[in-house]
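Chemist: Here is what each chain is made of, one letter per residue.
There are 2 protein chains.
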Amino acid sequence: MAVYTEVSDDELASFIASYGLGQLLSFKGIAEGVENTNYIVHTSKGTFILTLYEKRVEVADLPFYLGLMDHLAAHGLSCPTPVHDAAGRALGTLAGRPAALVTFLEGFWVRHPTAAHCAAVGRAMAEMHLGGDGFALRRENALGLSGWRPLYERFSARASEIDPDLSALIEGELNHLEASWPQNLPQGIIHADLFPDNVFFLDDKLSGLIDFYFACNDALAYDIAVSLNAWCFEKDLSFNITKGRAFLRGYEAVRKLTPAERDAMPTLARGAAMRFLLTRAYDWLHTPKDALVSPKNPIEYVRRLRFHQGVRSIADYGLNGAS
Amino acid sequence: MAVYTEVSDDELASFIASYGLGQLLSFKGIAEGVENTNYIVHTSKGTFILTLYEKRVEVADLPFYLGLMDHLAAHGLSCPTPVHDAAGRALGTLAGRPAALVTFLEGFWVRHPTAAHCAAVGRAMAEMHLGGDGFALRRENALGLSGWRPLYERFSARASEIDPDLSALIEGELNHLEASWPQNLPQGIIHADLFPDNVFFLDDKLSGLIDFYFACNDALAYDIAVSLNAWCFEKDLSFNITKGRAFLRGYEAVRKLTPAERDAMPTLARGAAMRFLLTRAYDWLHTPKDALVSPKNPIEYVRRLRFHQGVRSIADYGLNGAS
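From first to last, the protein sequence lines stand for chains A and B.
Once you know that position 53 of the first sequence is 53 in my numbering, the rest is easy, because the numbers rise by one and skip nothing.
If you want my numbering, it's the position in the second sequence, counting the first as 1, plus 1000.
Derived from the structure by calculation, the hints contain no laboratory data.
Only a predicted model underlies this, so the values are computations on that prediction, with no experimental measurement involved.
All residues carry an ideal CB built from backbone N, CA and C; glycine is no exception.
There may be inaccurate statements among the hints.
Some chain A residues near chain B, calculated using beta-carbon distances under 8 Å [said to hold, decoys possible]:
{"id": "1", "residue": "Lys-28"}
{"id": "2", "residue": "Ile-30"}
{"id": "3", "residue": "Glu-32"}
{"id": "4", "residue": "Ile-40"}
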């Protein structure tokens, strides 16, 4: 929860004027968004979200993120859509920061997802994967396989502050992942962070996806692996195979997995658990005690990783038989 | 900026259901409100603010605040209006906290008020004073004259941490105020905190008043004295007599001041400066370094107080001649 940049009424009114959205009626800073500053803006034309991009976001990546939302919306995906100014630009400047306005998406994220929610998310992810086809821009996955060891080395000397066995676990796992990471899987645009707080529902119907600020080009099946971690574990960190099955069947109702993708799923799931273990461990050790946003406990991803280490095939995630 | 209490979608949906506001479409915690947790709520019937009252608010005072908003709205003042549930109650319980829903007021507060804004606020304050007439509930001003010395005594031992001369200033001024505080001025409901961030404008027209959580029964003219402090000093803490004149004339266009109120204004203004000096000094010394909300500098009110100490009559605030 954070508003990092305060905007004045005069600044905002002149910013809004360039977008042809009518009269500015109100704006309130919202307490969501760890990376950026967000305002809910009412104008006489409707409700919008104004985002000011803070220092952690690479400005060079903003055309990718905004262009992707445009592309996906044009291909039928429900997601926030950038508003363009009279000159056609989605990216502007406000209070000294890169800034963009997007349409407001009604709905809210579910705190206790059911198997039915997981099925809907699987379908939506597959639709996003198909919808991303033909998007002209590229962005490498900075938090993919090649980024994990360098990230680990930035905190390895302090890993024992989290858990005495953490270094051995990470080093062994990185060796395994680097040796066995699947190559040549179908590639495309992935969300890369499709956690429950990035999926909105209305009356148990999925109303849209948000927060494309980790989206990148990578193996499509890796995106599934992220969401198996994010959606299908219970609070006690046991894997719920009913939810896993619902997610995978939902996905396959739109896009069938290839045999190589099915075979790779246990390794991809280990990699996805490693990715969140590493960023959470780094944040855990580097977040100042007085920060506005509390870091999340990395140990939850140790538990997930250990589960995936015991998985033999995609059947253990709930998908049986050939496709 | 703060969301102190997190509400789940299930909890909120069942809370909303009791108000007959249609389907819950979205809710976002907003980064305003030092005292309470506030959410913007969209339902199929419109936009509302949900407030969860945190520990600093006296639960026993909530019927006064909510009833006052109802009363003022019924008497034509533009302000948030409580939504009542099927049983007629404005006050409910959510996530273990007292909670209320009010209508959303469009508009935004002006960061750089002009004399025209001050005139509009003066008119609105007088309308509020007339509109409060007949309101059945009472609330003493806990931050009025009798509260100042006890509040000072809670931090007097540490006052020199703010400024070495602060104790002498406050003690001398408290003696003066207690000896000369005006009695028998016209009484009524006052806002008691009508600062720029509590007045919304749209296109330079006042759209409404918000935040009645300091409202109480006290001398009406004391409310004016608060707002002379809040609206009519420039950033360099010089008094802008053009703004003072605009405020007072705006007020008198709706409700004439009595001769006693005019005579009392310099003393009331000193008292109002003292009230904010004391609460800011207390907060300055007692806010933890890692608090979400930064305390405001109390020294600004030393400067205002010194100005009022040199004032001879209401003419120095811009109002000349008999009413």
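Chemist: Each of the hints needs a verdict: does it hold here or not?
Modeler: Against the structure, the hints:
1. Lys-28: 5 Å, holds
2. Ile-30: This interface hint holds because 5 Å falls under the 8 Å limit.
3. Glu-32: 6 Å, holds
4. Ile-40: 6 Å, holds
Every hint, counting from the list given before, is met by this structure.
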